[in-house]
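K.L.:
Single-letter residue listing:
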Amino acid sequence: MRPFAYVSANTPKRAIAASTAESQFLAGGTTLIDLMKLDVLQPERIVDINPLQARYGGIERTAEGVRLGALVRMGEAADDPVLRSEYPVLAQALQQAASPQLRNMATLAGNVLQRTRCTYFRNPSYHACNKREPGSGCAALDGLNRKHAVLGVSEHCIATYAGDFAQALIALDASVDVAGRSGERRIPFAQLHRLPANTPDVETTLAPAELITAFFVPSGPWTRRSHYLKIRDRESFAFALASAAVALHVENGEVREARIGLGGVATVPWRGREAEGVLKGKALSQESAQAAAEAAFASAQSRDQNAYKPELGRRTLVRALMTAAALEI
Amino acid sequence: MADGTVNRRRFLSATAVAAASGLVPGAATAQGGEGPERVPADRHPVSLSVNGRPHHLVIDPRRTLLDLLRDDLALTGAKKGCDHGQCGACTVLVGGKRVLACLTLAAAVRADVSTIEGLASADGALHPMQEAFMQEDAFQCGYCTPGQILSAIACVREKHANGEDEIREFMSGNICRCAAYPNIVKAIARAKSRTEA
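First to last, the sequence lines map onto chains W and H. Mapping of the first sequence onto our numbering: position 192 corresponds to residue 192, and the numbering continues sequentially without gaps. Mapping of the second sequence onto our numbering: position 23 corresponds to residue 1023, and the numbering continues sequentially without gaps.
These are computed hints drawn from the structure, not numbers from a lab. Idealized CB from N, CA, C, for every residue including glycine. A couple of the hints might just be wrong.
Cross-link-like lysine-lysine pairs, in silico, DSS-like; alpha carbons within 30 angstroms at most [to be verified]: (1) LYS1186(H) to LYS1159(H); (2) LYS37(W) to LYS1186(H); (3) LYS1097(H) to LYS1159(H); (4) LYS1097(H) to LYS1080(H); (5) LYS37(W) to LYS1080(H); (6) LYS1186(H) to LYS1097(H).
Label-pair restraints from in silico Cβ distances [what the hints assert, rightly or not]: (7) ALA1179(H) to GLN191(W): 40 to 48 angstroms; (8) LEU195(W) to GLY1163(H): 37 to 45 angstroms; (9) CYS1178(H) to GLN290(W): 22 to 30 angstroms; (10) LYS282(W) to ARG1110(H): 47 to 55 angstroms; (11) ASP1042(H) to GLN305(W): 37 to 45 angstroms; (12) GLU155(W) to HIS1084(H): 46 to 54 angstroms; (13) GLY1163(H) to ALA197(W): 41 to 49 angstroms; (14) ALA197(W) to GLY1052(H): 53 to 61 angstroms; (15) ARG1168(H) to PRO51(W): 48 to 56 angstroms.
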């Protein structure tokens, strides 16, 4: 690990003021310390924001929804009784992520900002990675790409967005509260991440020194009938090959509203709007779920080793939808 | 073991303590009483409690909790496996929660640390989880065992040890290359029922 200066901040103002172009905020550290050891990240300064725990570490239920502090640990949110009963897709996505130790350390904001697991990004001995070294190329295009994305890809990057919780947030139309040098703002969660396009190194719309302070998830008639299905190489402690976060509002056998997030298959947290449109106003059946899944992956572009992903993604979505529809709530 | 014999652990402990030049009696001494701004950027004073004992050290901010435990405090129970948060061999409790010491900056530790060395009581009686691991033969080479035991204690405390499936799911952060999993699961179930009895 390269040398850095360590400072800790006990107010958001100090955290933002201490931030430089070459600094990183430290929350749980599970991505940051790992990538510093790998020499992928080389911050000159670490701004430890854990002293802000008292301010940003709470889960608050309101009439409109639930507010999740940025520094809530993943494990704590996964065990939260309100999330488990009223927003099961959120709790399930968190509980199926990482390991118990990592969930005790990692924060919600850190989790949504976690970096890709692409081999070429994580290993600097490979020269070509546009995300790590803009303009150097993408070794994954014709390399080891079994786990890479099929949606939202560009000719410059096909790295998969690794997280689970983000799929649940995007499906439930969450928003993000952000604090920075020019004050506070709220953005839709769907606007937090950027498609790789021709600048895969720029992953979010956050300005320098901006800090996520909370997530807000609005409640709706679909939040209880929600489910997260994650398919992996092994049953636990593995990243998704494909996943689906679904939430349904069903009335008199008809889908009023379907909310769909897709993971393990896209370069950013992915909202399956085309699939939602197919389901709206229909009865949920194996056939309509299949039609929705076809729509979700209509624009998929696979490569040598990940050609299985569109089909795995479709089946994952169909099963998640059928499971959610059968829930007794 | 006869006095004067050198075994691996004793040799390592002696060299580790000797090498721990960062060990100082108190943070105030380290700063020379001139305030924290006089501490060079690469030397950071920390105070932390490990197994109930306070320690004051001046460390490089890059020091992980795992390296501090093993190299500065000669507590070699927490093991370095992958050093990237994937194997669980370095699992310790911080503020009663299981975490990975290899991904924790020592400078950022703000709660009491518990390691395998602190589990037995003063009279030498083992923790029920240690007893259960011995009774069920829940290890072969033993390298992952300190991490397994601390993770298992937390697993029971978090109420995620209800049956084999849940134990397996909530122990997935601790890898055992000898694959002693069946007996690890049995040991945790046994310790859980003993604690509840």
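K.L.:
Indicate, hint by hint, whether the structure satisfies it.
P.N.:
Structure-based check of all given hints:
Distance restraint check for LYS1186(H) and LYS1159(H): the Cα-Cα separation of roughly 16 angstroms lies within the 30 angstroms cut-off, and the hinted pair is therefore satisfied. Between LYS37(W) and LYS1186(H) the alpha-carbon distance is near 36 angstroms, which puts this suggested pair outside the 30 angstroms criterion. Annotation: proposed proximity of LYS1097(H) to LYS1159(H) holds, straight-line Cα distance about 13 angstroms (limit 30 angstroms). In summary, the hint linking LYS1097(H) to LYS1080(H) is supported, as the alpha carbons are separated by about 19 angstroms, within the 30 angstroms threshold.
The hinted pair formed by LYS37(W) and LYS1080(H) meets the criterion: a straight-line CA distance of about 14 angstroms does not exceed 30 angstroms. This hinted pair checks out: LYS1186(H) and LYS1097(H) have alpha carbons roughly 22 angstroms apart, not beyond 30 angstroms. Checked against the hint of 40 to 48 angstroms, the C-beta distance between ALA1179(H) and GLN191(W) comes to roughly 46 angstroms, which is consistent with it. The hinted range of 37 to 45 angstroms is satisfied by LEU195(W) and GLY1163(H), whose Cβ atoms lie roughly 43 angstroms apart.
Between CYS1178(H) and GLN290(W) the Cβ separation comes to about 45 angstroms, which falls outside the hinted range of 22 to 30 angstroms. A C-beta distance of roughly 53 angstroms is found between LYS282(W) and ARG1110(H), which places it inside the suggested range of 47 to 55 angstroms. Between ASP1042(H) and GLN305(W) the CB atoms are about 44 angstroms apart, so this pair conforms to the stated range of 37 to 45 angstroms. Between GLU155(W) and HIS1084(H) the beta carbon distance is about 31 angstroms. The supplied range of 46 to 54 angstroms is therefore violated.
A C-beta distance of roughly 48 angstroms is found between GLY1163(H) and ALA197(W), which places it inside the suggested range of 41 to 49 angstroms. Our hint of 53 to 61 angstroms for ALA197(W) and GLY1052(H) holds, since their Cβ atoms are close to 54 angstroms apart. Judged by the Cβ atoms, the range 48 to 56 angstroms given for ARG1168(H) and PRO51(W) is violated: they are separated by roughly 36 angstroms.
Checked against the numbered hints given earlier, this structure breaks hints 2, 9, 12, 15; the rest are met.
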